[in-house]
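A.B. asks: Fit chain B to the given chain A structure using the hints.
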Amino acid sequence: MISATNLTKQFNVRGTPLIAVNNLSFKVSNGEVYGLLGPNGAGKTTTLRMVMGLLEPDSGHVEICGMRSDGQTTEMRKHIGLISTNDGVYPWLTVREMLLYFADLYAVDLQVARERLEELARLLDIGRFLDQRCSTLSTGQKQRVTLARGLMHDPPVMLLDEPTRGLDVVGSQTVFRFIDLLKERGKSVLLSTHRLDEAERVCDRFGLLHRGNLQFEGTLEELQKLTGKQHLVDIFIGLIGGPVDGEPVDPARMVITTNE
Amino acid sequence: MKEYLNNGRLWRLCLKELRESLRDRRTIITLVLMPILVYPLLSMALQRLIVGGISKAEPEYAFLLGTQDEETAQRVQNLLFEARRVNQIGISSPIKITRSDEPSNKSTVRSEDNNNAIAVSADHVGFSIVIVEKVSLASALRDAQIDLAISKLDVESMAFERDTFPSYQVQVEFRQGDLRSESAMSELRRAVQLMNDNQFEIVRQRINARLPAVVQMKANGVGQRLDPAASIAGVIPLVLILMTITGAVYPAIDLTAGERERGTMEALIATPAPRFALLLSKYVAVVVVAILTALANLFATWITLSFGGLGQAIFGKQGFSLWILIQILPLLAIFAAFFSAILLALCSFARSFKEAQAYLIPVMLLSLGPGLVTLMPNVQFTTLLGIVPLVNILLLSRDIMTGHSELVPAFAAVFSTIIYAGATLVVASRLFGAEAATSGSQETWAELLGRPKKTRLLPTLGELAIFLAILFPVFFITSNVGVMLELRGEAAMSFNAVLLVILFMCLPSAYAWYRRLDFPTTFRFKSSSNSLDSTGMQVARSIGFVVSVLLLSSGLWMVAFETYLLFENWSLASHLSEEERTKLKDTFLLIPFWLVLLTGAVVPAVAEEFFFRGFALSAFRSKLAPFRSVLCTSILFGLFHVISGNILSIEKFLPTIILGLALGLVAIKTNSLWPGILLHALHNGLVFGMSRIGETELTKWFGADTKHLPMLWLVGGGLSIMAGITLLLIASRQTRTYENIA
Chain A
4 MISATNLTKQ
14 FNVRGTPLIA
24 VNNLSFKVSN
34 GEVYGLLGPN
44 GAGKTTTLRM
54 VMGLLEPDSG
64 HVEICGMRSD
74 GQTTEMRKHI
84 GLISTNDGVY
94 PWLTVREMLL
104 YFADLYAVDL
114 QVARERLEEL
124 ARLLDIGRFL
134 DQRCSTLSTG
144 QKQRVTLARG
154 LMHDPPVMLL
164 DEPTRGLDVV
174 GSQTVFRFID
184 LLKERGKSVL
194 LSTHRLDEAE
204 RVCDRFGLLH
214 RGNLQFEGTL
224 EELQKLTGKQ
234 HLVDIFIGLI
244 GGPVDGEPVD
254 PARMVITTNE
Chain B
2 MKEYLNNGRL
12 WRLCLKELRE
22 SLRDRRTIIT
32 LVLMPILVYP
42 LLSMALQRLI
52 VGGISKAEPE
62 YAFLLGTQDE
72 ETAQRVQNLL
82 FEARRVNQIG
92 ISSPIKITRS
102 DEPSNKSTVR
112 SEDNNNAIAV
122 SADHVGFSIV
132 IVEKVSLASA
142 LRDAQIDLAI
152 SKLDVESMAF
162 ERDTFPSYQV
172 QVEFRQGDLR
182 SESAMSELRR
192 AVQLMNDNQF
202 EIVRQRINAR
212 LPAVVQMKAN
222 GVGQRLDPAA
232 SIAGVIPLVL
242 ILMTITGAVY
252 PAIDLTAGER
262 ERGTMEALIA
272 TPAPRFALLL
282 SKYVAVVVVA
292 ILTALANLFA
302 TWITLSFGGL
312 GQAIFGKQGF
322 SLWILIQILP
332 LLAIFAAFFS
342 AILLALCSFA
352 RSFKEAQAYL
362 IPVMLLSLGP
372 GLVTLMPNVQ
382 FTTLLGIVPL
392 VNILLLSRDI
402 MTGHSELVPA
412 FAAVFSTIIY
422 AGATLVVASR
432 LFGAEAATSG
442 SQETWAELLG
452 RPKKTRLLPT
462 LGELAIFLAI
472 LFPVFFITSN
482 VGVMLELRGE
492 AAMSFNAVLL
502 VILFMCLPSA
512 YAWYRRLDFP
522 TTFRFKSSSN
532 SLDSTGMQVA
542 RSIGFVVSVL
552 LLSSGLWMVA
562 FETYLLFENW
572 SLASHLSEEE
582 RTKLKDTFLL
592 IPFWLVLLTG
602 AVVPAVAEEF
612 FFRGFALSAF
622 RSKLAPFRSV
632 LCTSILFGLF
642 HVISGNILSI
652 EKFLPTIILG
662 LALGLVAIKT
672 NSLWPGILLH
682 ALHNGLVFGM
692 SRIGETELTK
702 WFGADTKHLP
712 MLWLVGGGLS
722 IMAGITLLLI
732 ASRQTRTYEN
742 IA
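Chains as they are written, first to last, in the working numbering: chain A, 4 to 263; chain B, 2 to 743.
Just chain A, same shape as in the assembly:
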């Protein structure tokens, strides 16, 4: 399970301080999918980086399965899986070599890693091209390899950083099935996205992030009850009250696939 307490992070952008995340607290229990939602620049990635222990918060701390970010970062990372939009593959390695490489990076025993590889190959249907070089794979195949990569060390916590950005319908479906799989296995999933329609579909609970502040937290029903609006998109625009960062909100940008 994930627990973030009073996370605050400030950056210096050309001399002027910018609060990326402000006093953020949330909890994700086992088998739960928590959606961290917000437009670009809301502080989602910064939050995920702090959860991973890649970025030290100015104040506050993260706790993953009983390990705290201030002091046990290395241990903590062993229990976290990460899959993000920009994830690539090693073109010159075979799928098997790449997955076993990541198992080694997570200090997984070689025998255990080999067994897990076979299991994941079945689950994600990558068995056919395990010994093919990654450069020969199609986009969809690469995506499945990336998903398998995130599970090579069987982490109890999974962070998904905009996992569907740039994917077609089929690709998105694979991701949704993957999230279902994670839930089934009792993993805590923290999902960051600006695709509210998708979030609505897969998340159990939401945290709406705007300019580093958590505007609202709860289930879809709670949100609907509170705002009287049906869709997450409407709810969100209502909550943040118009323009983001001085720019007019472009609903199309946030609702690309609402009617699909």
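Simulated from the structure, these hints should not be mistaken for lab results.
Just so it is clear, the structure is predicted and the values come from calculations on it, not from any experiment.
Beta carbons are placed, not taken as given, at the ideal position from N, Cα and C, and that holds for glycine.
Errors might be hidden in some of the hints.
Label-pair restraints from in silico Cβ distances [to be verified]:
1) I471/B / D171/A: 38 to 48 Å
2) E224/A / R26/B: 49 to 59 Å
3) L459/B / E122/A: 39 to 49 Å
4) I471/B / V172/A: 43 to 53 Å
5) R204/A / F628/B: 43 to 53 Å
6) Q358/B / D171/A: 28 to 38 Å
7) L243/B / E59/A: 39 to 49 Å
8) R26/B / E122/A: 28 to 38 Å
Only some residues are given here: those of chain B computed to face chain A with a beta carbon under 7 Å [said to hold, decoys possible]:
9) E21
10) T272
11) R276
12) P331
Dumping the calculated EDC-like pairs for lysine to aspartate or glutamate here, alpha-carbon to alpha-carbon at most 16 Å [as the list claims (entries may be wrong)]:
13) K455/B / D73/A
14) K219/B / D198/B
15) K454/B / D61/A
16) K708/B / E563/B
17) K455/B / D61/A
18) K153/B / E174/B
19) K145/A / D171/A
20) K624/B / E4/B
21) K153/B / D70/B
22) K454/B / D519/B
23) K81/A / E4/B
24) K455/B / E66/A
25) K186/A / D171/A
26) K30/A / E66/A
27) K135/B / D70/B
28) K186/A / E35/A
29) K454/B / D171/A
30) K355/B / E491/B
C.D. replies: This is chain B only, laid out in the frame that chain A set:
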């Protein structure tokens, strides 16, 4: 970190990086294709340069002497005949014509050079005489159609006693700076000198040999003959090194900035794998590719030099031997290790391929600068140059190739290059992935080189590496300054003491202050007792430590004395004459003993303990187990004692390491600097004290063998060391138990 070093995991990580680079076609291109393409081209260019240059110096065909008319040609011919005759009868002249008995060949005339403006008349003494028609003598000389021009030749008869002798006034022109023309000129001078010597001999005999020669001179050449090829031999290491760099560049970019471009960087740094392990595996891959490139290039060079005839031209008869190859290869490997670390550090900083390339180009150009310095024929490989990165390896390989390498600069070059590589690698591991983690903030460099915000208890191994990279050159330069000032006696000892304080106390203090390290823990200023002890216990423990230190010191100086004797033949002092040694000893005896103790025992004890058992040991302890830390510190301690000024005192290495081990043990067990300082001071004091005692008194104590210590002494010394260690372990036992409980 441990779980990444076991079960062959690190090996598998390295294997992944190697696979990645070696499967990449672009790596293979730089690795294999470049040498195949570059060397034949280079060989052709060099062939023109070198073989041309060398054949000009020692021509295969005769020098061409140009005259304007038949009459002059005839006179010159007669003169040359005379010179040849004189040379053959062998008069007592220091001059010998080098090529007089070589048959010259009329058909070698380059009549095709010019539309038959030149016709050959005759040739003698390695010269061919040419009558220049149509064009002027000056222009024929300028255009290198002839090597010398006889512009004027007058003859008059001079009467001497009963005979008349012809006397020639000749004016010769030659091309300045042209090797061939200048050689021809000196050859002609020799011929003329020979004839004049002969004349003198005739006159001398006429007056019954009553007139001696003004000077009877016999010339012997010593040292290195300044061969035009020697400077060209410098090109080869430069080319090899540049090619090695080329081999390392692509994998270095690909394995670091490439990770970002492929989008694998974030996943990589999100893993719990230590950055150093990640970078180490990448480093191994880059070094391997660089060494493979070096091998490929070396092999291509060897083939080109051996079969293209260039090797003999440059290296003489034995050519580019396999032995040179074997010596150059490890040097290239060390260089590859150094440069790969630099490349990785630079590329780790870059966010993309393009950015990495932009960083690398200036570095490559910068490294060409020192490369060109080594091409100058008169650059000596001094000890000081031994610590200049890049230049040192280039000069060393040049010296190996020409067979004049020396031990001290070679050692300095290899040792400093390894230190620089280590420090750079640490820097690289901090930079690697840093940008991805901090997301555009500018904290990376500041974090590495700037002042940290928080105070820390102990220095890290990385900080030690960076500090050593600062300390070593400063140490090297300053200790050479002492040699340059030619200080003797009191001045030398005081100078060294001041240096020790600056190098091992001021510099580490400044660095520790800058990095906000906690002084008491970093330098072990704590009292030797445990705070949980009662006052009585504290006193007892302190007494125990002091007694054990006294016991250790009373035995250790003997160990130092005897191990020094083992390697005495290696020391510089063993090459001095008896007289010089007595003189040195007299100078030493003139120094007041209090000054010897202060500058030779107290100051070194405080300063060296401060750095080695303080800073360095703390840094090693941050990563390594106690015994390994002590061992590493001792080796470092030993290495710093080996270099004293521009002399390599190998004989000091083992005694210093043994002393270092004992000092390290004391520091770890007492967890304090003070007992070690006491031990170090007593040890040095005893060694210096012994050296003050005159030989006659020594005989009284030692018996006949004044060189070695008496057996009984040694047994006593051994026993007191054992007793000292035992007491040390007993006195420190309680402290450790408390620590374990805590």
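A.B. asks: If a hint holds in the structure, say so; if it doesn't, say that too.
C.D. replies: Going down the list of hints, with the structure as the test:
no. : hint                        : in the structure
1   : I471/B / D171/A: 38 to 48 Å : violated (56 Å)
2   : E224/A / R26/B: 49 to 59 Å  : holds (57 Å)
3   : L459/B / E122/A: 39 to 49 Å : holds (44 Å)
4   : I471/B / V172/A: 43 to 53 Å : violated (59 Å)
5   : R204/A / F628/B: 43 to 53 Å : violated (60 Å)
6   : Q358/B / D171/A: 28 to 38 Å : holds (34 Å)
7   : L243/B / E59/A: 39 to 49 Å  : holds (42 Å)
8   : R26/B / E122/A: 28 to 38 Å  : holds (34 Å)
9   : E21                         : holds (5 Å)
10  : T272                        : holds (4 Å)
11  : R276                        : violated (11 Å)
12  : P331                        : violated (30 Å)
13  : K455/B / D73/A              : holds (14 Å)
14  : K219/B / D198/B             : holds (15 Å)
15  : K454/B / D61/A              : holds (13 Å)
16  : K708/B / E563/B             : holds (9 Å)
17  : K455/B / D61/A              : holds (13 Å)
18  : K153/B / E174/B             : holds (10 Å)
19  : K145/A / D171/A             : holds (13 Å)
20  : K624/B / E4/B               : holds (14 Å)
21  : K153/B / D70/B              : holds (11 Å)
22  : K454/B / D519/B             : holds (13 Å)
23  : K81/A / E4/B                : holds (12 Å)
24  : K455/B / E66/A              : violated (23 Å)
25  : K186/A / D171/A             : violated (23 Å)
26  : K30/A / E66/A               : holds (9 Å)
27  : K135/B / D70/B              : holds (11 Å)
28  : K186/A / E35/A              : holds (6 Å)
29  : K454/B / D171/A             : violated (47 Å)
30  : K355/B / E491/B             : violated (59 Å)
The structure is inconsistent with the numbered hints 1, 4, 5, 11, 12, 24, 25, 29, 30, although it conforms to all the rest.
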